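According to the working numbering, the sequence shown is numbered sequentially starting from 2.
The set of hints was computed from the structure by calculation and includes no laboratory data.
There could be a bad hint or two in this list.
Unchecked claim - Only pairs whose alpha carbons sit at most 30 angstroms apart, straight line, appear in this in silico DSS-like list of lysine-lysine:
(1) 253 / 323
(2) 190 / 93
(3) 261 / 192
(4) 192 / 93
(5) 190 / 253
(6) 161 / 174
(7) 192 / 95
(8) 161 / 192
(9) 253 / 161
Only a predicted model underlies this, so the values are computations on that prediction, with no experimental measurement involved.
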Amino acid sequence: MVDGEVEILCGFELRLLRCTVSLPQSDHPLESQLGTHPHDSLIRSLLSSIEAGDYLGVLASDATRLVLDDSELDLVDSVDSAERFYSELLDKVKSFVVNDSSDEIDKARRAVLVMCLAIAAAFWFTRCNLTGSTQGSAKCSLPFRVSESKELVEWENWAKIQLVSAGSDLLGKFSNLQHLVFARMLLFKLKDLLFETTATETETFEVRSISWWIVRVLLIHQRVLHERSSSLFEMLQVYMAEALDHFGALEKVKSYWATKLLEDEASSITSTIHLEACVLQSMYGRIDHSRLQLESAKAAAGLEFSVTGALGFRTIHQVDPKAQMVLIANTNSSNGDVMLASEKADVGPYESWGSEAPQVYMIPKLVNNKSEAGKDSVTLKPIEQALILAQCLLIERGSRHDEMQRWDMAPYIEAIDSQNSKVNIFCSTVFL
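Given only the sequences and the hints, what does the whole structure look like? Please build it.
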């Protein structure tokens with residue numbers, strides 16, 4: 002496998018990760034010129050749709066029909082029918098990735114193509130149930146397109162059975178459960194197929210990010226369960242350790258993607274995976290382990306923060322300033338410590354309060370301090386905002402639920418409120 006072909010496949014992985022770490026970037030000019038494989042254009046089309054948020058478009062694309070063998074599906078509304086279809090689906094995935102491939106390069110590209118379908122399904126489930134919004138989107142309970150519209154209630158029941166087999170009932174009522182099961186099944190099957198390949202072949206491309214995507218799908222699975230699942234935790238520990246081994250150090254990220262990385266992107270990727278490891282440990286009540294992962298994430302992002310006191314106002318009628326707790330941050334882009342608060346605080350959009358005008362500032366309005374002039378404004382990157390929210394999460398999970406806890410959390414929440422651009426990375430919107 003020549004270096005140019007490996008670079009293309011790594012570029013596909015990077016574009017997928019960018020959808021959850023930073024704003025998606027358009028194809029590098031060289032990437033469009035290098036690819037000559039028949040599946041290159043199809044994968045790029047899928048990636049563009051995922052970047053645009055058109056997840057249903059991905060699942061209804063030619064790629065899905067290619068994997069499903071473009072055969073007419075006989076859909077019967079029964080649990081047995083669903084079980085039979087998804088069992089056959091795994092056989093079709095193996096046939097598409099392994100049996101139909103001409104060489105190791107072809108096999109790797111086919112694996113990336115199937116991974117795009119799995120990730121699109123996971124994103125659609127997440128949008129429908131955790132983040133929103135699905136307004137204007139077509140109703141679609143199946144993670145693939147069929148010629149006739151059918152209400153397959155028992156298929157959804159089958160998907161629910163697959164999810165609750167982890168040892169807990171669902172947290173509430175969720176829609177499109179098959180999309181999450183579909184994503185999980187495809188990713189695990191790909192992992193098995195790629196492991197078999199790397200165990201028998203001396204020269205093959207390892208799709209390293211697949212372990213990370215498995216972790217994310219398992220975290221979503223845990224997120225929709227009512228109780229913690231020990232079986233999910235065991236799998237999460239294994240795949241997170243593997244993902245951290247691949248992407249938990251800046252040097253490894255830079256080595257894997259080399260010149261394809263944008264400025265500061267390596268630190269964002271490394272910080273994000275440690276942040277998700279932090280969330281994983283927090284989900285299962287391992288606060289000390291979670292705190293260690295957060296420290297690793299902060300170090301990778303070059304972020305330090307602490308709480309300090311400053312004089313300011315809380316209400317529009319307050320005459321004398323009083324001590325306020327505010328967050329001070331030191332980032333790679335700032336020249337020293339900066340306060341994540343403002344002298345120009347407002348009370349927020351009036352329409353959100355109804356007819357009664359608000360009296361309390363959204364964030365503390367600090368007293369002008371000339372010695373700090375020019376040092377009370379900084380724009381935080383999405384990953385930096387997510388790290389601050391994670392610290393807030395640790396305070397919530399690691400202390401008593403009383404009035405003091407809310408005061409301790411306030412500086413972190415207000416620091417995010419002071420930002421014009423809001424955090425938008427996958428981890429914060431789904432798990433925090």
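Comparing the hints with the structure gives:
no.	hint	result
1	253 / 323	violated (48 angstroms)
2	190 / 93	holds (11 angstroms)
3	261 / 192	holds (25 angstroms)
4	192 / 93	holds (15 angstroms)
5	190 / 253	holds (26 angstroms)
6	161 / 174	holds (10 angstroms)
7	192 / 95	holds (11 angstroms)
8	161 / 192	holds (23 angstroms)
9	253 / 161	violated (38 angstroms)
Consistency with the previously given hints fails for numbers 1 and 9, ordered from lowest to highest.
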